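Visitor: These are the residues of each chain, in order.
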Amino acid sequence: MTRFSRSLQLDSWLVRVVIPLAVLACVPFVLTASWLLNLAVLGLMYAVLASSWNLQAGYTGYISLCHAAFFGIGAYALALWAGPNTASLSGYGPFLLTIPIGLAVGAAAIPIGWVILRTRHVTFAIVTITLLFVVQTLAFNLTGLTGGSQGLAVANPPFSAASFEQPFYYAMLILLALCVVIFELVRRSRLGLSLTALREDEEKARGLGVPTQPLKIGAFAVSIAITAMAGGVWAYYLTFIMPQYAIDPLLMVGTALTAFLGGKGTLWGPAIGALIVVPAQQYFAFRLGASDLYLVSYAAIFLVVILLLPRGVVPSLGEWLRRRRSAAAVAVPVADRAATEPVGVTQ
Amino acid sequence: MHTFVQALILGVLTGGVYALMSTGQTLVFGVMRVVNVAQGMLVILSAYLSYTVHQKLGIDPFATIVIVMPAMFALGVLIQLAFIRPVKRNRTEAGFEQTLLIMFALAVGIEGIVDLTYTAEYRSITTSYANSSWTVAGYTFSVVRVLAFALAVALLAALWAVLSKTEFGRAVRATVQNPTSARLLGVDTERIGALGMGLGVSLAGASGAVFGLIYPFNANSSYDLVSRLLSIIVLGGLGSVIGAVVGSLTLGVAEAVVAAMISPVWAPFTFLVVLIVVLLVRPQGLFGTVERGAL
Amino acid sequence: MSDLRHLLDVQDLNRSFGGVQAVSDCSIAVAPHTITGLIGPNGSGKTTAFNIITGYLAASSGEVCFDGTHYARPDPRRMYKAGLTRTFQQARVFPELTALENLVVAAKRDWKALFGPRATAADQRQAMNMLAEFSLSEHAAKKAAQLSYGQRKLLEFAAALMGDPKLVMLDEPTAGVNPVMIATMERHIRDRHERGVTFLIVEHDMNFVMRVCDPIIVLDRGTPIVSGTPGEVQADPRVLEAYLGD
Numbered sequence: 001m002t003r004f005s006r007s008l009q010l011d012s013w014l015v016r017v018v019i020p021l022a023v024l025a026c027v028p029f030v031l032t033a034s035w036l037l038n039l040a041v042l043g044l045m046y047a048v049l050a051s052s053w054n055l056q057a058g059y060t061g062y063i064s065l066c067h068a069a070f071f072g073i074g075a076y077a078l079a080l081w082a083g084p085n086t087a088s089l090s091g092y093g094p095f096l097l098t099i100p101i102g103l104a105v106g107a108a109a110i111p112i113g114w115v116i117l118r119t120r121h122v123t124f125a126i127v128t129i130t131l132l133f134v135v136q137t138l139a140f141n142l143t144g145l146t147g148g149s150q151g152l153a154v155a156n157p158p159f160s161a162a163s164f165e166q167p168f169y170y171a172m173l174i175l176l177a178l179c180v181v182i183f184e185l186v187r188r189s190r191l192g193l194s195l196t197a198l199r200e201d202e203e204k205a206r207g208l209g210v211p212t213q214p215l216k217i218g219a220f221a222v223s224i225a226i227t228a229m230a231g232g233v234w235a236y237y238l239t240f241i242m243p244q245y246a247i248d249p250l251l252m253v254g255t256a257l258t259a260f261l262g263g264k265g266t267l268w269g270p271a272i273g274a275l276i277v278v279p280a281q282q283y284f285a286f287r288l289g290a291s292d293l294y295l296v297s298y299a300a301i302f303l304v305v306i307l308l309l310p311r312g313v314v315p316s317l318g319e320w321l322r323r324r325r326s327a328a329a330v331a332v333p334v335a336d337r338a339a340t341e342p343v344g345v346t347q
Numbered sequence: 001m002h003t004f005v006q007a008l009i010l011g012v013l014t015g016g017v018y019a020l021m022s023t024g025q026t027l028v029f030g031v032m033r034v035v036n037v038a039q040g041m042l043v044i045l046s047a048y049l050s051y052t053v054h055q056k057l058g059i060d061p062f063a064t065i066v067i068v069m070p071a072m073f074a075l076g077v078l079i080q081l082a083f084i085r086p087v088k089r090n091r092t093e094a095g096f097e098q099t100l101l102i103m104f105a106l107a108v109g110i111e112g113i114v115d116l117t118y119t120a121e122y123r124s125i126t127t128s129y130a131n132s133s134w135t136v137a138g139y140t141f142s143v144v145r146v147l148a149f150a151l152a153v154a155l156l157a158a159l160w161a162v163l164s165k166t167e168f169g170r171a172v173r174a175t176v177q178n179p180t181s182a183r184l185l186g187v188d189t190e191r192i193g194a195l196g197m198g199l200g201v202s203l204a205g206a207s208g209a210v211f212g213l214i215y216p217f218n219a220n221s222s223y224d225l226v227s228r229l230l231s232i233i234v235l236g237g238l239g240s241v242i243g244a245v246v247g248s249l250t251l252g253v254a255e256a257v258v259a260a261m262i263s264p265v266w267a268p269f270t271f272l273v274v275l276i277v278v279l280l281v282r283p284q285g286l287f288g289t290v291e292r293g294a295l
Numbered sequence: 001m002s003d004l005r006h007l008l009d010v011q012d013l014n015r016s017f018g019g020v021q022a023v024s025d026c027s028i029a030v031a032p033h034t035i036t037g038l039i040g041p042n043g044s045g046k047t048t049a050f051n052i053i054t055g056y057l058a059a060s061s062g063e064v065c066f067d068g069t070h071y072a073r074p075d076p077r078r079m080y081k082a083g084l085t086r087t088f089q090q091a092r093v094f095p096e097l098t099a100l101e102n103l104v105v106a107a108k109r110d111w112k113a114l115f116g117p118r119a120t121a122a123d124q125r126q127a128m129n130m131l132a133e134f135s136l137s138e139h140a141a142k143k144a145a146q147l148s149y150g151q152r153k154l155l156e157f158a159a160a161l162m163g164d165p166k167l168v169m170l171d172e173p174t175a176g177v178n179p180v181m182i183a184t185m186e187r188h189i190r191d192r193h194e195r196g197v198t199f200l201i202v203e204h205d206m207n208f209v210m211r212v213c214d215p216i217i218v219l220d221r222g223t224p225i226v227s228g229t230p231g232e233v234q235a236d237p238r239v240l241e242a243y244l245g246d
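Residue numbers (this note's numbering), protein chains in the order written: chain A, 1 to 347; chain B, 1 to 295; chain C, 1 to 246.
Just to be clear, a hint being listed does not mean it is correct.
[Unchecked claim] Far from chain A by the CB rule (all over 12 Å, computed), these chain C residues:
| id | residue |
| --- | --- |
| 1 | T54 |
| 2 | S61 |
| 3 | Y80 |
| 4 | F88 |
| 5 | A113 |
| 6 | F134 |
| 7 | A159 |
| 8 | E241 |
[Claimed, not checked] FRET-style restraints, in silico, Cβ to Cβ:
| id | chain 1 | residue 1 | chain 2 | residue 2 | range |
| --- | --- | --- | --- | --- | --- |
| 9 | B | L185 | C | D236 | 49 to 55 Å |
| 10 | C | D236 | A | S326 | 56 to 62 Å |
| 11 | C | S137 | A | L185 | 25 to 31 Å |
| 12 | B | V136 | A | L103 | 55 to 61 Å |
| 13 | A | Q150 | C | A82 | 54 to 60 Å |
| 14 | C | R73 | A | S316 | 57 to 63 Å |
| 15 | A | R322 | C | H204 | 39 to 45 Å |
Hints in this document: simulated from the structure, not taken from any laboratory.
Given the structure is predicted, the values throughout are model-derived calculations rather than measurements.
Beta carbons are placed, not taken as given, at the ideal position from N, Cα and C, and that holds for glycine.
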């Protein structure tokens, strides 16, 4: 058995994927209070958003700030398709609708990705920001379609008040499972190897035959598709959507924060980030009301986190544990590596 | 034809104001490789500051620049010192993403502060001449816009003089071209970064006063603005001051012409169309350089 | 007109950077089964030419012809598939991947393999063989970031060979390494050369170049000035002038 396959044994599907998901599936039976379960749904939603965002940002290293736009598109798509009347299939129809919505939005993301992923990281980020704001403006302006600033009503979920949140919790959990499974599948395949190489040194990867463009576009499309599905579920949960909340820069900041905080590029990092961010968010909203003081403190927290924990909780924790276990230093720090490079090497 | 030329005039005048905002932004990128997505919000903040000074002291909005610009310069330096410098010092590869998100968060934070202080009510800086215009050869020139354009020209000319004639300007240009080489040549790139940021934000400060005169604004107005500014600097080429000016004029004219000849409803999407075309045809922008392997 | 006897035929490359002409009417030809050297003083355009040929930089004019195919605008991936790879001066490897994985990712596989395992048994075998050839076997499971500079240079060289290239372009393979490593590099280059690989090497180490390369092309200010055997190049006064003059 080579060292390579031995390391895979330690992180098996059971430990990495099945058990955590099983634990999460038990939550609705523990947190039975409605407000707690609501918090859990929200927390899971952020976990989904951050995890699907992570599929692109973590694997390709390209920071997209337009995901919130596609979240909104998914929300509006569901609102329009499911209609404002009673939900079909005893309330489960809209959940199923998110599947074709996800597929359609994902397919639409391919040509979009083809255009915008021709650029380097910085320009890409800029273009995605622009896309976010344009889509928001469209949502406000295309009143015939979206109802403009009046908003749009979504089908009414017929679930009982006692267990209203449960179906939504499980819907979000399924989406999270999707993210996690995809992440693992990719990690264990040559796809993961190629994507990591792409992220580390895109040019070099290209020069060694890695198909960088299709990989970037693929990651973007998958990530967007799942985000759109989450938007659909959210629309159904809220039963009424408005442009400034469906396509919300704050949500985008929150998504990125969650992923960063937990650890971009790790399997459960984004979900763990959500575990921290959402309760904190709710606490601030509760204490400071829906006023802009909440906005300010949110931004302040974000800034503090980004400055203090640049790599996020999971990687920092992992490294701390590793350092405690091994006697001698294992990794050559980046600074040392730079020192061993010869003088006079031009960049 | 008359409509077209009128739109052209309007476009150029508007482009001048955009130029003031976007040069600041592209300068910040060039000097520190930071995408200042907060530039739009900083313009709005300056608009509010100008509004307040105008209200309290009764001086002409254009004169408020004397107070607002230095204040914004200080803010820019402060932001760089407090948020950007620590991140850049760490020199992790996540540096670019961090600064982008930091500026995004700052924009959100400033929006919150502004909304708290001034409420969501739309404000407008009004003067006696706010609605008057001159008529030359049958074409109308709004007084405010002409003055704004003149201000933009004056400030950009001053900027050009600083960049090309002073030692500071040379240091800035060296840092923009190649930070490593600049450092090797003895340029204190950290200080240049802070000063460059201050400069970029002070230009936003100048344009804020002008913006407030032309458009009614509230805390939400930054989103529209940010999209435009970002498209301009992508069109012009990240880091290129000339590019920002040319891009601003181009987009200003394009938007005005579309509004006049096709429909005002579609005008805001002109910049998106232009952006897509740029990405397809020349991703590095008009004056941008394709940096090998660099961000 | 491109010469069919040449593996790599570059015609009239031109490229400037903000007013500085990096390469100017630069034509380089590399015959198959040679170890061709590319030398010249600093700023003579060697790395620029490298970057253009391998597709990392666009030329303003000129053409690259590799193995009989013309490329108006080379692209690193297309060149890789055609059998051309390169190394970098700074020894670029993928730091977070293990040494083994650095090689596995460089192997020529079709797109369907992307959905297969991260490293198949065949991949591992091929990579381990390559690591053994370069005496890096013990580092197989180590992250490339943990390797020394010299080891990373070897790893990068090994990765460039994984796809069975026809031409390997080495950018200063001996820069920053000790004499023992230089000898090792030389040994590997000669060994692979005997097995059919053509090399184009940019170098500053004159001893190395004169010893290993034949023919040698000399660039000065973006243009080739001399091309010939080591003896011819050493005897040509223009070469000395290029290095000492100006």
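Visitor: If a hint holds in the structure, say so; if it doesn't, say that too.
Guide: Each hint tested on the structure:
1. With a least CB separation of 7 Å from chain A, C:T54 falls inside the 12 Å interface cut-off, contrary to its annotation.
2. Non-interface status of C:S61 relative to chain A is upheld: no Cβ of that chain comes within 12 Å, the nearest being about 23 Å off.
3. Separation of C:Y80 from chain A is inadequate, the least Cβ-Cβ distance of about 4 Å not exceeding the 12 Å criterion.
4. A beta-carbon of chain A is positioned within 12 Å of the beta-carbon of C:F88; the least distance is around 7 Å.
5. Interface exclusion of C:A113 from chain A breaks down, the closest Cβ pair being 6 Å apart, not more than 12 Å.
6. For C:F134, the requirement that its beta carbon stay farther than 12 Å from each beta carbon of chain A is met, with the minimum near 16 Å.
7. For C:A159, the requirement that its beta carbon stay farther than 12 Å from each beta carbon of chain A is not met, with the minimum near 6 Å.
8. Every CB of chain A lies more than 12 Å from the CB of C:E241, the least distance being 23 Å, so the non-interface label holds.
9. A hinted range of 49 to 55 Å for the beta carbons of B:L185 and C:D236 is inconsistent with their spacing of about 35 Å.
10. At roughly 57 Å, the beta-carbon separation of C:D236 and A:S326 lies within the given 56 to 62 Å, and the hint holds.
11. The hinted window of 25 to 31 Å between C:S137 and A:L185 holds, with their beta carbons roughly 30 Å apart.
12. For B:V136 and A:L103, the hinted distance range of 55 to 61 Å is satisfied, since their beta carbons lie about 58 Å from each other.
13. Taking 54 to 60 Å as the suggested C-beta distance range, the pair A:Q150 and C:A82 conforms, at roughly 59 Å.
14. Range check, C:R73 to A:S316: Cβ separation about 44 Å, and the 57 to 63 Å hint is violated.
15. Under the hint 39 to 45 Å, the C-beta atoms of A:R322 and C:H204, about 40 Å apart, fit the expected range.
The structure does not agree with the numbered hints 1, 3, 4, 5, 7, 9, 14 stated previously, though it agrees with the rest.
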